[in-house]
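Asks: In order, the protein sequences belong to chains D and F. Under our numbering, the residue at position 57 of the first sequence is numbered 57, and the numbers go up by one with no gaps. Under our numbering, the residue at position 256 of the second sequence is numbered 256, and the numbers go up by one with no gaps.
Please keep in mind that the hints were generated in silico from the structure rather than gathered at the bench. Do not rely on the hints blindly, as some may be mistaken.
Identical copies carry no separate label here, and so any pair may be met within one copy or between two of them.
No more than 25 Å apart at the CA atoms, straight line, and that leaves these computed lysine to aspartate or glutamate pairs for DMTMM-like [said to hold, decoys possible]:
(1) 171 with 100
(2) 238 with 100
(3) 4 with 239
(4) 102 with 234
(5) 171 with 183
(6) 238 with 183
(7) 3 with 239
(8) 171 with 234
(9) 3 with 183
(10) 171 with 239
2 protein chains.
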Amino acid sequence: MLKKRLATAAIGIPLVCAAALWPGGLPAVVLVGAVLTLAFGEFAALCSAAGIPCRIWWGTAGIILLVIFAQARVPAPQWLPEAAIFLSWAFLIVETGRPDRKPVSAIGTTLMGVAWIGGLGSCLLMVRFWSPHHGAAFFGADGRPLLALLIIVWALDSAAFFAGRLFGRTKIAPSISPRKTVEGALGGFFAAAAAGILTAPMMGQSPADGAALGAAIGVAGQVGDLFESAVKRELGAKDSGASLPGHGGWLDRIDSLLFAAGVTAWWLMRA
Amino acid sequence: MLKKRLATAAIGIPLVCAAALWPGGLPAVVLVGAVLTLAFGEFAALCSAAGIPCRIWWGTAGIILLVIFAQARVPAPQWLPEAAIFLSWAFLIVETGRPDRKPVSAIGTTLMGVAWIGGLGSCLLMVRFWSPHHGAAFFGADGRPLLALLIIVWALDSAAFFAGRLFGRTKIAPSISPRKTVEGALGGFFAAAAAGILTAPMMGQSPADGAALGAAIGVAGQVGDLFESAVKRELGAKDSGASLPGHGGWLDRIDSLLFAAGVTAWWLMRA
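Let the sequences and hints guide you as you build the complete structure.
Replies: Here it is, written out as structure tokens:
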């Protein structure tokens, strides 16, 4: 399992780094769009398997609109708000006419998945196109802030995993995620803060600000992980899928990144 | 039943007209905020009764933020986006820790109710504070556009009701709403278009634009009514409540107005 996990990482990490840093940002937009769509597909499949309706195509359309909105490679098209409004009306009308008559569950579940996976996930692109010198603009954006975020989250996930394996004794939330320990969580938290200091220059932050952002990611990422566990528990699943050998599914792989991206985008935009 | 319905209308209509037209708009903000909160409370109660979790207090907070955002009586406070972000994070964290472990259903249902009742309902305030001469600004707004919207929806609802009673023969959607007829729907549609022509000057529209807007409201309002029926069907309820003698609950009373407000706000803002 660990061997598979490392082998997947050895292939995946260079690809993701290249996509994050590639000049112009098109590979980052395509990769984020693809991964969020795959993760939402897993979520919709889990919901359907649990008997809760989730409309995969309406949700996918919503996620694509959010990705177009969040990227700053080209100006967001003028028709974007109208498309979002049109999509919402069409969804309401279609749900009114559907023979299964589940508008509350179907719209609710779909909205929840779009907000969680699409809303937080598209923050990855806000970070990608944010520039230390120009703020939320494309010009000057070079992908280093996104790479820094990925490094912090990888440090968090790996340190939590290995600290948990080596020192883990005290269960943190046995009813949600039976294998999480306080020792693993602390290891992840401090690794994220340390990675935040090391990557501070890539985000245009002072070392102190970098440590604070790393610590915030250290908390948010682990909450994101627990949140996904709670979702899987409600839907009666252990993994979100099996697409990534040793890592479970796409949603399992990005659960902490989603919350970390939301915190990082807010942190950078706020300044 | 009809007598009760007319008596409630005889008390309610003058109050609502006064609140819509009152200079400055404060009564409109308070009335819209109160009615949307009551309607969301009914929705949350129906969900809970049907065994679907819905978080009434988180949803109410979301609706209040939307009302503050949509009113233009005073500039929207600077902390509004931060409050929305903070509220969203707190909601995610609380749902992660809840012992019932229903994050998908609970967040989904709450989001759906906030988007439907709060998102469309706060469009009433966008219409209230829209001015034919100044667009989406407070200065110059006098409440006539909102009154015009109310008149069109009342014409729609009353004409659909009476045309259905007098001429109704062909069922329109027996599986959702057994008493709706094609004749009633057509009567409502034409009454809304006619009311749109008559109220066109109050919205700063040409008679032709008024007719088109009235016709759009004539469709949207009836879809809104069917949508609420589909929601009640999923949740196993006949009325959303019993607060308004002869009219059912608050949500029953505003179901067509919600969709009509969304269409009208989009129509006015778009120009």
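Asks: Could you run down the list of hints and mark each one as holding or not?
Replies: Structure-based check of all given hints:
Taking identical chains as interchangeable, the C-alpha atoms of residue 171 and residue 100 lie at most 25 Å apart only when they sit on different chains, with a minimum of 19 Å there against 42 Å within one chain. With identical chains, the CA atoms of residue 238 and residue 100 are at most 25 Å apart between copies only, with a shortest distance of 18 Å across copies and 28 Å within one. Within a single copy, residue 4 and residue 239 get their C-alpha atoms as close as 16 Å, which meets the 25 Å cut-off; across copies the closest is 56 Å, which misses it. For the identical chains of this complex, residue 102 and residue 234 are neighbours both inside a copy (19 Å) and across copies (6 Å), given an alpha-carbon limit of 25 Å.
In this assembly of identical chains, the alpha carbons of residue 171 and residue 183 lie at most 25 Å apart only when taken from the same copy (9 Å versus 65 Å across copies). In this assembly of identical chains, residue 238 and residue 183 lie within 25 Å of each other by CA distance solely inside one copy; the values are 23 Å within and 53 Å between copies. In the homo-oligomer, the alpha carbons of residue 3 and residue 239 lie at most 25 Å apart inside one protomer (18 Å), although the nearest pairing across protomers, at 59 Å, exceeds that limit. In this assembly of identical chains, residue 171 and residue 234 lie within 25 Å of each other by CA distance solely inside one copy; the values are 20 Å within and 40 Å between copies.
When the C-alpha separation of residue 3 and residue 183 is checked against a cutoff of 25 Å, the pair qualifies only within one copy, where the shortest distance is 23 Å, while the shortest distance between copies is 69 Å. For the identical chains of this complex, residue 171 and residue 239 are intra-copy neighbours only, at 20 Å inside a copy versus 47 Å across copies, given an alpha-carbon limit of 25 Å.
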